[in-house]
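Q: Using the hints, position chain B against chain A.
Sequence lines, in order, name chains A and B.
Residue 1 is where the first sequence starts when you use my numbering, and the numbers rise one by one after that.
Residue 1001 is where the second sequence starts when you use my numbering, and the numbers rise one by one after that.
Since the hints were made in silico from the structure, they are not lab data.
Careful: at least some of the hints might be erroneous.
[Claimed, not checked] Distance windows between CB atoms, simulated:
# : chain 1 : residue 1 : chain 2 : residue 2 : range
1 : A       : Glu10     : B       : Ser1067   : 37 to 45 Å
2 : A       : Phe64     : B       : Ser1018   : 38 to 46 Å
3 : A       : Glu10     : B       : Pro1061   : 24 to 32 Å
4 : A       : Pro41     : B       : Gly1063   : 39 to 47 Å
We put the CB at the ideal spot given by N, CA and C, even for glycine.
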Amino acid sequence: AQTVTQSQPEMSVQEAETVTLSCTYDTSENNYYLFWYKQPPSRQMILVIRQEAYKQQNATENRFSVNFQKAAKSFSLKISDSQLGDTAMYFCAFAHSNSGYALNFGKGTSLLVTP
Amino acid sequence: NAGVTQTPKFQVLKTGQSMTLQCAQDMNHEYMSWYRQDPGMGLRLIHYSVGAGITDQGEVPNGYNVSRSTTEDFPLRLLSAAPSQTSVYFCASSTTWTGNEQFFGPGTRLTVL
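Bound conformation, chain A alone (with noise of 0.2 Å):
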């Protein structure tokens, strides 16, 4: 089974700062997704970055990045420019087609950012 661990429960960041938060995954498949989703105080799950494993390029969706270390089975975001409306929890998450790409979450990070 995978497991994801998000190791920061909590994180605050300032405004127009960059923040990381960092995910680790332990799997023993090679072809694999790997996703950041941000839950704001809406309840509601929004895709924030996607990885597909077999690209060595590191996603970019405008102030999101990720870095990307298939060998250390690492998947960290990076926040560009924090901006009020990003403080919400984070989980990243783990797919693969043994499991019908059903998503396999960390227990997030909840991320504040202050003015």
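A: The following block gives chain B in isolation, referenced to the frame of chain A:
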């Protein structure tokens, strides 16, 4: 497109009662799944389906049943509700054609007394 819809949004049950949480998607996604979210635990997979007529268990399946008679619908049944099933339940769907991004419903908050 309505995306993924879930009903009801809120529900209160008494111990021992049964009920069905409804989930539907109109995106013709082949994959659907149910998760529960408890404080400090993240989201945990209950059951998933890779297509109509095919379901399988996730991490925490006990006390729940699912079926997938159509591509669109994936109901979750609580057979005999217990206080430990108090949680927020999310349904999601995905397809390989869009990189397996899971599209989530708005969630159902269930309280079992």
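Q: Hints first: check each against the structure and report whether it holds.
A: The hints, checked one at a time:
1. Glu10/A <-> Ser1067/B: 37 to 45 Å: Roughly 40 Å apart at Cβ, these two residues keep to the hinted range, so it holds.
2. Phe64/A <-> Ser1018/B: 38 to 46 Å: Distance hint for Phe64/A, Ser1018/B holds at roughly 42 Å.
3. Glu10/A <-> Pro1061/B: 24 to 32 Å: Between Glu10/A and Pro1061/B, where Cβ atoms are some 31 Å apart, the hint holds.
4. Pro41/A <-> Gly1063/B: 39 to 47 Å: About 29 Å separates the Cβ atoms of Pro41/A and Gly1063/B, which means 39 to 47 Å is violated.
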